[in-house]
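So you can see what is in the structure, the chains are spelled out below.
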Amino acid sequence: KAGVTQTPRYLIKTRGQQVTLSCSPISGHRSVSWYQQTPGQGLQFLFEYFSETQRNKGNFPGRFSGRQFSNSRSEMNVSTLELGDSALYLCASSTGTDLPGELFFGEGSRLTVL
Amino acid sequence: DQQVKQNSPSLSVQEGRISILNCDYTNSMFDYFLWYKKYPAEGPTFLISISSIKDKNEDGRFTVFLNKSAKHLSLHIVPSQPGDSAVYFCAARGTGRRALTFGSGTRLQVQP
Chain Y
1 KAGVTQTPRY
11 LIKTRGQQVT
21 LSCSPISGHR
31 SVSWYQQTPG
41 QGLQFLFEYF
51 SETQRNKGNF
61 PGRFSGRQFS
71 NSRSEMNVST
81 LELGDSALYL
91 CASSTGTDLP
101 GELFFGEGSR
111 LTVL
Chain S
1 DQQVKQNSPS
11 LSVQEGRISI
21 LNCDYTNSMF
31 DYFLWYKKYP
41 AEGPTFLISI
51 SSIKDKNEDG
61 RFTVFLNKSA
71 KHLSLHIVPS
81 QPGDSAVYFC
91 AARGTGRRAL
101 TFGSGTRLQV
111 QP
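Line by line, the protein sequences are chains Y and S. Residue numbers for the first sequence follow our numbering, beginning at 1 and rising by one. Residue numbers for the second sequence follow our numbering, beginning at 1 and rising by one.
Hints are computed from structural coordinates only; laboratory data are not their basis. Where hints are given, some of them may not hold.
Quick partial rundown of chain S residues pointing at chain Y, CB under 8 Å, derived from the structure [to be verified]:
(1) Pro40
(2) Ala41
(3) Glu42
(4) Gly43
(5) Pro44
(6) Phe46
(7) Ile50
(8) Pro79
(9) Phe89
(10) Arg98
(11) Phe102
(12) Gly103
(13) Ser104
All residues carry an ideal CB built from backbone N, CA and C; glycine is no exception.
All chains, full assembly: derive it from the sequences and hints.
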């Protein structure tokens, strides 16, 4: 069974630009969550989507947004990039039909903002 | 304000010995705790979990202990193997909530 796939794996942007990251969950998983990992900060929860609806949202500014498609694939977008947005962005999938225990993570998209 | 804290950024142990990774939390509403392991250039993978109604959960070489009164949990790895060298994240889930709150991680190095 294929795992969680994130694209692109690496990308470099400049301040003020925007970026879109993609995540394909494990087949049959309907919940997709996004986390930001920065050095020393662990993983910070961005948002969770289930059946094309945002179900939970973390404490990030409105520049961070996401969506989910009917096939459960999800995208997240960051507009007006800032240097502090440089991070590893991780996507995780689960069945979403019960409270989350185990999440299945992708390898992440590493964003560098110059 | 970090609600889940891993105060040791790194830990080094000898192969065959016990590794003990610690995690403290401040939110008394957390009811489920998990440990994830992360190798470089890979996503975190689930290792073991424990519900707040238990104080111990064991899975092979891995045991998680929960001390609710101290708001402390620990992961014991016995015996430690070089392949266990990775970053370990502690995570917690609030009652009725879906998002996980992660600690900042502890890098474990197991020396052959």
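Hints numbered earlier in the text: which of these fail when held up against the supplied structure?
1, 7 and 8
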